[in-house]
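Kindly generate the complete structure, drawing on both the sequences and the hints.
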Amino acid sequence: MTHKKTYLGAGALVILLGAVVIVLIAGTSGDRAPDAVGADAGSPALAPTAALESLRSAEPRSDAEDAALTRARGSLARGGSIPVEYRELTAARLVGTSEGLDLYAVGGPRSLCVVTAPHGSLRGMSVGCGRSPEATDGSRPVGGVGKTPDGRQRVYFLLPDGIDAVSARYADGTARELPVTDNLISLTSEEPVDTLTWTDADGHRGEVSTRPE
Amino acid sequence: MAVAVMATPSADAYVHSWSCYRYSTNDCSDTTGTTYNPWLEVLATSGYSVYHICAEGVTAAGNQRSTIDGVICNVNTFVRDSCLISTSPDSQGKVHWTDSSYGFTIQLQANAYTAPSSAC
Chain H
1 MTHKKTYLGA
11 GALVILLGAV
21 VIVLIAGTSG
31 DRAPDAVGAD
41 AGSPALAPTA
51 ALESLRSAEP
61 RSDAEDAALT
71 RARGSLARGG
81 SIPVEYRELT
91 AARLVGTSEG
101 LDLYAVGGPR
111 SLCVVTAPHG
121 SLRGMSVGCG
131 RSPEATDGSR
141 PVGGVGKTPD
151 GRQRVYFLLP
161 DGIDAVSARY
171 ADGTARELPV
181 TDNLISLTSE
191 EPVDTLTWTD
201 ADGHRGEVST
211 RPE
Chain Y
1 MAVAVMATPS
11 ADAYVHSWSC
21 YRYSTNDCSD
31 TTGTTYNPWL
41 EVLATSGYSV
51 YHICAEGVTA
61 AGNQRSTIDG
71 VICNVNTFVR
81 DSCLISTSPD
91 SQGKVHWTDS
101 SYGFTIQLQA
111 NAYTAPSSAC
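One line per chain: the protein sequences are H and Y, in this order. Okay, so the first sequence: first residue is 1 according to our numbering, each after it adds one. Okay, so the second sequence: first residue is 1 according to our numbering, each after it adds one.
Hints listed in this document are in silico derivations from the structure and should not be mistaken for laboratory results. Hints may contain errors.
[What the hints assert, rightly or not] Partial list, computed: chain H residues near chain Y (C-beta under 7 Å):
no., residue
1, Gly74
2, Gly124
3, Arg140
4, Thr148
5, Leu178
Being a predicted model, the structure only gives us computed values, none of them experimental. Every residue, glycine too, gets a C-beta built ideally from N, C-alpha and C.
This is the structure:
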């Protein structure tokens, strides 16, 4: 009789613990955005304006930064398949100039865009936008790979805070350390770059390939 | 003082819109109406951030039209909006993407405009 009671008590405890585990798992999976492509479940989902120092600046926007913000908003507004929550953009900063091209970071609650324009121009802007958090946690940094008018490779990426330099590995096997300024790494080179690698403030290694897949 | 910039293409812009479902790395070219047009802007969007998403104009001779920033494809993005250097020669709008990490089809939406939108 005593043994039967013990078995029944132990069984009830196992069932109770199992129910707790199921509730915890269901709660965790329910918090994950189904469209958070490439996101690390353990990393904080910071909006671009909170995650990038260059976008946290409270300085007033210039005319060109206003134009970049308007341009990126227009691109997202005309994209038919873009969910509404990814269309909001609130901040824009000129983060660098590279070989005649101005580069702007434009961010909102869920999206981070890089806008390019001829140096000093309010027109001729092209746009690329990625999603937070993967665009700001280092797992899928937003960038572009192209060519300068004289045929050299042009590479630019927006990287998270705390990354001061990247290692650029070139197609000829050499590597070179390059500085990151205002969350931007940009370079032009005769020799094509294959990969960029870095280590963030928490010691995590990041990498992005610049080659076509 | 802020610059007044239009957020949408001007009223006289000629626009083509097309879309396709893509699994891997095939072209998604504009075949709506007249094939070659004086496009000045080509916009590609997808529902997901992908490794490369590209928007371009290709002439009848098969030449890729230059963009103002020298870039055709952005990396790790769900939008690429390309400003072409000029409207001439006429080109066919083309968008495409590559990302081997997806095992399902993705819808690619595209628009091409003859008149520039805001700041393009």
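Exercise for the section: Any hints from earlier that this structure breaks? Give me their numbers in increasing order, please. Expected result: 5
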